[in-house]
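Undergrad: We have chain C already, so just place chain Y on it with the hints.
In order, the protein sequence lines correspond to chains C and Y.
Each position in the first sequence, counted from 1, maps to that position plus 59 in this note's numbering.
Each position in the second sequence, counted from 1, maps to that position plus 156 in this note's numbering.
Please note that the accuracy of each hint is not assured.
Label pairs and their calculated CB-CB ranges [unchecked claim]: (1) C:Leu192 / Y:Val222: 31 to 37 Å; (2) C:Gly129 / Y:Leu165: 36 to 42 Å; (3) Y:Phe159 / C:Ile63: 35 to 41 Å; (4) C:Ala134 / Y:Ser202: 19 to 25 Å; (5) C:Pro100 / Y:Ser202: 40 to 46 Å; (6) Y:Ala225 / C:Leu127: 30 to 36 Å; (7) Y:Ala229 / C:Ala181: 23 to 29 Å; (8) C:Asn139 / Y:Thr201: 22 to 28 Å; (9) C:Met60 / Y:Ala291: 32 to 38 Å; (10) C:Trp174 / Y:Ala169: 29 to 35 Å.
Once the Cα atoms are required to be at most 20 Å apart in a straight line, the calculated SDA-like pairs of lysine to any residue come out as [what the hints assert, rightly or not]: (11) C:Lys135 / C:Val115; (12) C:Lys135 / Y:Gly186; (13) C:Lys135 / Y:Asp232; (14) C:Lys135 / Y:Ile276; (15) C:Lys135 / C:Leu153; (16) C:Lys135 / C:Trp117; (17) C:Lys135 / C:Ala149; (18) C:Lys135 / C:Asp125; (19) C:Lys135 / Y:Arg270; (20) C:Lys135 / Y:Phe295; (21) C:Lys135 / Y:Leu271; (22) C:Lys135 / Y:Gly184.
Hints are computed from structural coordinates only; laboratory data are not their basis.
All residues carry an ideal CB built from backbone N, CA and C; glycine is no exception.
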Amino acid sequence: MRSIVALVSGLVFGVGLVVSDMINPARVRGFLDLFGGDWDPTLAFVMGGALAVMAVAWIVTSSRSDSLLGHSLPAKPSSNIDARLLGGAAVFGLGWGMVGLCPGPAIAGLFLGGWPVLLFIAAMVAGMMAFSLVNRTA
Amino acid sequence: MNFVLNDALAGLAGGALIGLAAAILLLGNGRIAGISGILGALVNTSLPATWRENLLFVAGLAAAPVAYAAFVARPDINITTSVPLLIAGGLLVGFGSRLGSGCTSGHGVCGMSRLSPRSIVSTLTFMAVAIAVVAVMRFVMA
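Isolated chain C, as found in the complex:
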């Protein structure tokens, strides 16, 4: 059952990225291009729609000790703002701004984006593996 839930979630996530056009890096960079004179606000609407729905899901979980299928829920959010969080976000933001791709849209474009997306995914996975190695020896 967990596998089916995960598959359905991934499918719906993928359709959402296509419908919202966030699968298109040019659209994402249009939002990030705040000072270019032709700002594209679409990403803000996408974020608004996603946050509104997901907030309801969190409200549903707030009065429960486990998920609707009886699995344990994520821990309460932490307010521990450390260098690792800030540094990671900054490094991530550098790459996101350069290309306009983050992990979700990159995977969603795996079969449709041609070699640029494949190259980006290969580099992204390499970056994740590098982190695993560094994190293990640190």
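TA: Just chain Y now, kept in the frame of chain C:
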């Protein structure tokens, strides 16, 4: 500003679907739909017990746009970044999202919607940096 009503409505609808996908994973499996976390766990030095559902989530995410292209319309995927920056960008996105424990989905959608202080700080940080990068590429490097 370039406001197009249809784009905004499509954005809202698509965003609601993204929120629904995250809600399904949370309410069903009790898990956060953070793509970097789910993918990162699959390429880690040790596989977690949840590797099968992680793989199925990623498979669904990659397959859905193919089905959409076949039955509805093929989405545009325009990348203008040069090859060296494309590789550098991928490395930075992969490493940074794991170091900072999340990306646009995990921190941006899942964390901010529960008002997590860490996620709000993370999202504001990577948004600000990405906006600065695009500005530098437009005005300095161009």
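Undergrad: Run through the hints listed earlier and report the numbers of any the structure violates, in increasing order.
TA: 9, 13, 15, 17, 20
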